[in-house]
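S.K.: Please model the entire structure based on the sequences and the hints provided.
Residue numbers (numbering that gives the first Met the number 0), protein chains in the order written: chain A, 0 to 363; chain B, 0 to 363.
Among the hints, a few may not be true.
Here are the simulated distance ranges between beta carbons [unchecked claim]:
{"#": "1", "chain 1": "A", "residue 1": "VAL149", "chain 2": "B", "residue 2": "GLY105", "range": "23 to 31 Å"}
{"#": "2", "chain 1": "A", "residue 1": "LEU288", "chain 2": "B", "residue 2": "GLY233", "range": "26 to 34 Å"}
{"#": "3", "chain 1": "A", "residue 1": "ASP176", "chain 2": "B", "residue 2": "PRO178", "range": "47 to 55 Å"}
{"#": "4", "chain 1": "A", "residue 1": "PRO361", "chain 2": "B", "residue 2": "GLY287", "range": "24 to 32 Å"}
{"#": "5", "chain 1": "A", "residue 1": "ASP293", "chain 2": "B", "residue 2": "ARG119", "range": "48 to 56 Å"}
{"#": "6", "chain 1": "B", "residue 1": "PRO212", "chain 2": "A", "residue 2": "PRO361", "range": "13 to 21 Å"}
{"#": "7", "chain 1": "B", "residue 1": "GLY233", "chain 2": "A", "residue 2": "PRO361", "range": "50 to 58 Å"}
{"#": "8", "chain 1": "A", "residue 1": "ALA230", "chain 2": "B", "residue 2": "ALA39", "range": "42 to 50 Å"}
Examples of chain B residues toward chain A, derived with CB under 8 Å [stated by the list, open to error]:
{"#": "9", "residue": "LEU20"}
{"#": "10", "residue": "ALA63"}
{"#": "11", "residue": "HIS66"}
{"#": "12", "residue": "LEU70"}
{"#": "13", "residue": "ALA94"}
{"#": "14", "residue": "GLY105"}
{"#": "15", "residue": "LEU107"}
{"#": "16", "residue": "LEU109"}
{"#": "17", "residue": "SER161"}
{"#": "18", "residue": "THR210"}
{"#": "19", "residue": "PRO212"}
{"#": "20", "residue": "VAL213"}
{"#": "21", "residue": "THR215"}
{"#": "22", "residue": "THR216"}
{"#": "23", "residue": "GLY219"}
{"#": "24", "residue": "THR304"}
So, partial list: chain A residues that the calculated Cβ filter (under 8 Å) puts toward chain B [as the list claims (entries may be wrong)]:
{"#": "25", "residue": "ARG17"}
{"#": "26", "residue": "VAL62"}
{"#": "27", "residue": "ALA63"}
{"#": "28", "residue": "GLN92"}
{"#": "29", "residue": "THR112"}
{"#": "30", "residue": "GLY115"}
{"#": "31", "residue": "SER122"}
{"#": "32", "residue": "GLN128"}
{"#": "33", "residue": "THR152"}
{"#": "34", "residue": "THR256"}
{"#": "35", "residue": "ASP332"}
Simulated from the structure, these hints should not be mistaken for lab results. Just so you know, even glycine gets a beta-carbon here, dropped at the ideal spot from N, CA and C.
Number of protein chains: 2
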Amino acid sequence: MSGAAGQKGRTAVDDGSRARLRDVAERAGVSMSTVSRVLADNYPVAQATRQRVLRAIREMDYVANTHARALRGVVTQTVAFVLNDIRGGSFTQVAHGVEEEAARRGMLCLICTTQGDLERELSVVRTMQEQGAAAVILIGGVADNAAYRVRMTATAHSLEASGSRLVLCGRPSIGDDVPATVVEYDNEGGAYAMTSRMLVAGHRRILFLGTDPVPTTTVGGRLAGYRRALADFGVEADPALEQACGFGRADAYDRLTGRLRTARDFTAVFAVTDLAAAGALAALNDAGLKVPEDVSLGGYDDVDTAIDLRPRLTTVHVPYEELGRTAVRLALDLREGRASSAEQHVTLGTHVVVRESIARRPLG
Amino acid sequence: MSGAAGQKGRTAVDDGSRARLRDVAERAGVSMSTVSRVLADNYPVAQATRQRVLRAIREMDYVANTHARALRGVVTQTVAFVLNDIRGGSFTQVAHGVEEEAARRGMLCLICTTQGDLERELSVVRTMQEQGAAAVILIGGVADNAAYRVRMTATAHSLEASGSRLVLCGRPSIGDDVPATVVEYDNEGGAYAMTSRMLVAGHRRILFLGTDPVPTTTVGGRLAGYRRALADFGVEADPALEQACGFGRADAYDRLTGRLRTARDFTAVFAVTDLAAAGALAALNDAGLKVPEDVSLGGYDDVDTAIDLRPRLTTVHVPYEELGRTAVRLALDLREGRASSAEQHVTLGTHVVVRESIARRPLG
DNA sequence: CTGTTAGCGCTTTCAG
DNA sequence: CTGAAAGCGCTAACAG
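M.R.: The structure is reproduced here in structure tokens:
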């Protein structure tokens, strides 16, 4: 298929196909080794020869073949970043952190999306492994169950055998004996802090907007923080206040609007994400409720746009970019022997960013 | 370096390194070809043999080497997507479109960022070419000058020689003779429509917030649309109303706040992006000005969060996701001979989304 | 149905 | 300083 290049009388360039090392060597009147040496610049080559080779390379627009190189062991290392959906604020920040740190180390960054499908996640990871990725970073929560753990454990081992590293980012560890790097943020703590703040402001009926039918680790942690805060304040948790809802704006709007039609049995809403908070805010306003005068509102993620909501959204800040950088750093440092396995589990802090959407509980 | 695997008495797996086809063959007691056939599933293999091979593959956790495959011509095709910065609304949507269409075709999507550095853009493209990307998609405006055109033309030809395709996405063509696919949106038309709308509402002094010292094609097009609308309405363009400003929220806030300290010599603001519009809105409000009662405001991009601004932002919708899908579709269809070169330049439409941030010019 | 063989394009000893 | 030669791991004729 790749054609007649190299045949007598036809060069790769005449042919319209990519020039190979051999073509360059022929043109420069040297051996392939010499061209390779000029390219790698890791071995003495006579000035005159070097010039001739460089000239041929330029004239033929030679572009090295990564695959052939990789096969010989000289790899353009890549870091793979696997996420659900590239849209939607927060993960993009993680991606940026990953990109940044990877670029700093001269590595390429592969980004793949899974659309929330665990099956696809596995297949994508496999593809990355085939590509020889130095690290495979999985971002975002998952439905945590036995099947998931078994498969992820196998994946971690397989990756390790390939000389790669699995990184769980914003997702809890699956066991200390599993060869995986874990970079978490204090998901539960952030939710605890937010809920506490609402409780301190006098709220007792706080709607948690965002439980899932199949709860992911992300929701699980936030819900746990919410419940723990209630418990610590001696407030009994009311299951009716744990409202099913997805991460998106639209779903939050619909769910809350629906609920408000029936009853308004809460004085504060803790939305599982800022996007959901935006939807909740719109729903509240459309129902004639003012935030924070009538109902207080809290978000989670601290996306850039939280500040443009009115009132400005009080939310939980997550160091997403740092999460991405750390993921790359830990995984690669380990490979290079510059970090120990002991340092391969990190939890970054979260904190509430106080803005304007939470007020004291209105009397009556 | 890759070690002693394959030596007598040590298998790849014992060794802790990745198992190769040969190891699997040995274990299953067959030849490499047979294993290869089982894997490719493109040739008859006896049931019993197949089972034995499959078993060995599983037991050894065999993972194929993409690079070796690629060298033989069997490639996991990748589509490369090159952008400035992965954060910030709109390009992410394009990336999603690209991802979607690439995935639909079973292709991998490589995403790389350049931080706005043309030098780096070129080097990234080169790396993608080395990787054997089927298409290299460049997204976003650039400073359009002779040097850029020369280099991009060379890049396009080089890519073509590699059997790849350059795609300029949201960036104008650099000439009909250049082998590149161009997927634009009606950038100038969107700005024209927005400005017209403001003019129709009676505004005569419209601040264009977002000219650059080194204007990019994106800004250039939007500014051109702005000027053309003014001209068509017989309003003389005042250079003082073309305010230097970047794409981001923070810069817009600072610039407009600074300007408002001196004078308020406009009744409407046309921000070059929605992000800038968010900054402008905050600046206006902080200066005690109400939108749209005192000053009207228009944005560009129609990012998801434009609807959460108060007032809801009137802006120009750009079909970003569609842009990404189209980029992939055109480039790949051409490769596969399912599209002609004539169809390789497309301009998608834009339109104003009317919300609440533009009102009739206040009297006096 | 299965095995043998000849490379894909490149790097890297090992000899000049 | 330069060249010849031996593969990296895999696939695809070509013979059995």
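S.K.: None of the hints should be skipped; say for each whether it holds.
M.R.: Hints, verified against the model:
Between VAL149 (chain A) and GLY105 (chain B), the C-beta spacing of about 27 Å keeps the proposed range 23 to 31 Å intact. Taken as a hint, the range 26 to 34 Å is violated for the pair LEU288 (chain A) and GLY233 (chain B), whose Cβ atoms sit roughly 48 Å apart. For ASP176 (chain A) and PRO178 (chain B), the Cβ-Cβ distance of about 54 Å falls inside the hinted range of 47 to 55 Å, so the restraint holds. Between PRO361 (chain A) and GLY287 (chain B) the C-beta distance comes to about 28 Å, which sits within the given range of 24 to 32 Å.
The beta-carbon spacing between ASP293 (chain A) and ARG119 (chain B), approximately 51 Å, falls within the hinted interval of 48 to 56 Å. Between PRO212 (chain B) and PRO361 (chain A) the Cβ separation comes to about 51 Å, which falls outside the hinted range of 13 to 21 Å. As the Cβ distance of GLY233 (chain B) to PRO361 (chain A) is approximately 55 Å, the hint placing it in 50 to 58 Å holds. The given range of 42 to 50 Å is broken by ALA230 (chain A) and ALA39 (chain B), whose C-beta atoms sit roughly 58 Å from each other.
Against a cut-off of 8 Å between C-beta atoms, the interface hint on LEU20 (chain B) is violated, since the closest Cβ of chain A lies about 13 Å away. At a threshold of 8 Å, the smallest CB-CB gap from ALA63 (chain B) to chain A is about 5 Å, leaving the interface hint in force. Annotation: HIS66 (chain B) was flagged as interfacial toward chain A, and the flag holds, the nearest CB pair being 4 Å apart, inside 8 Å. Using the Cβ-Cβ criterion of 8 Å, the hint placing LEU70 (chain B) at the interface with chain A is satisfied: the shortest such distance is roughly 5 Å.
The beta carbon of ALA94 (chain B) is positioned within 8 Å of a beta carbon in chain A (closest approach about 5 Å), and the interface hint is therefore held. This hint is violated: GLY105 (chain B) has a C-beta 10 Å from the nearest C-beta of chain A, more than the 8 Å allowed. Checking LEU107 (chain B) against chain A by beta carbon gives a least distance of about 6 Å; that is within 8 Å, so the hint holds. Evaluation of the LEU109 (chain B) hint against chain A yields a held restraint, the C-beta minimum of about 5 Å falling below 8 Å.
At about 5 Å, the closest approach between the beta carbon of SER161 (chain B) and any beta carbon in chain A falls short of 8 Å, and the interface hint on this residue holds. A hinted interface residue such as THR210 (chain B) counts as satisfied when its beta carbon comes closer than 8 Å to some beta carbon of chain A; here the least separation is about 23 Å, so the hint is violated. Because the beta carbon of PRO212 (chain B) sits about 25 Å from the nearest beta carbon in chain A, more than 8 Å, this interface hint is broken. With a least beta-carbon distance of about 23 Å to chain A, the hint placing VAL213 (chain B) at the interface is violated under the 8 Å criterion.
This hint is violated: THR215 (chain B) has a C-beta 21 Å from the nearest C-beta of chain A, more than the 8 Å allowed. Using the Cβ-Cβ criterion of 8 Å, the hint placing THR216 (chain B) at the interface with chain A is not satisfied: the shortest such distance is roughly 24 Å. With a cut of 8 Å, the hint placing GLY219 (chain B) at the interface with chain A is violated, because the nearest CB-to-CB distance is about 26 Å. With a cut of 8 Å, the hint placing THR304 (chain B) at the interface with chain A holds, because the nearest CB-to-CB distance is about 4 Å.
Satisfaction of the interface hint for ARG17 (chain A) is found here, the shortest Cβ-Cβ separation to chain B being roughly 5 Å, below the 8 Å cut-off. Annotation: VAL62 (chain A) was flagged as interfacial toward chain B, and the flag holds, the nearest CB pair being 5 Å apart, inside 8 Å. Taking 8 Å as the C-beta cut-off, the interface hint given for ALA63 (chain A) holds, the closest approach to chain B being about 5 Å. With 8 Å as the threshold, the beta carbon of GLN92 (chain A) comes within range of chain B, its nearest partner Cβ sitting at about 6 Å, so the hint holds.
Hint on THR112 (chain A) holds. Least Cβ distance to chain B is approximately 5 Å, under the 8 Å limit. Given the 8 Å rule on beta carbons, the hint for GLY115 (chain A) is violated: about 13 Å separates it from the nearest Cβ of chain B. For the restraint placing SER122 (chain A) at the interface with chain B, the shortest Cβ-Cβ distance is roughly 11 Å, beyond the 8 Å limit, so the hint is violated. Among the interface hints, the one on GLN128 (chain A) holds; its C-beta lies about 5 Å from the nearest C-beta in chain B, closer than the 8 Å criterion.
Hint status for THR152 (chain A) relative to chain B: violated, with the closest Cβ pair at about 13 Å, above 8 Å. Look at THR256 (chain A): its Cβ only gets to about 15 Å from chain B, farther than 8 Å, so that hint breaks. For ASP332 (chain A), the interface hint is violated, the least distance from its beta-carbon to any beta-carbon of chain B being 20 Å, above 8 Å.
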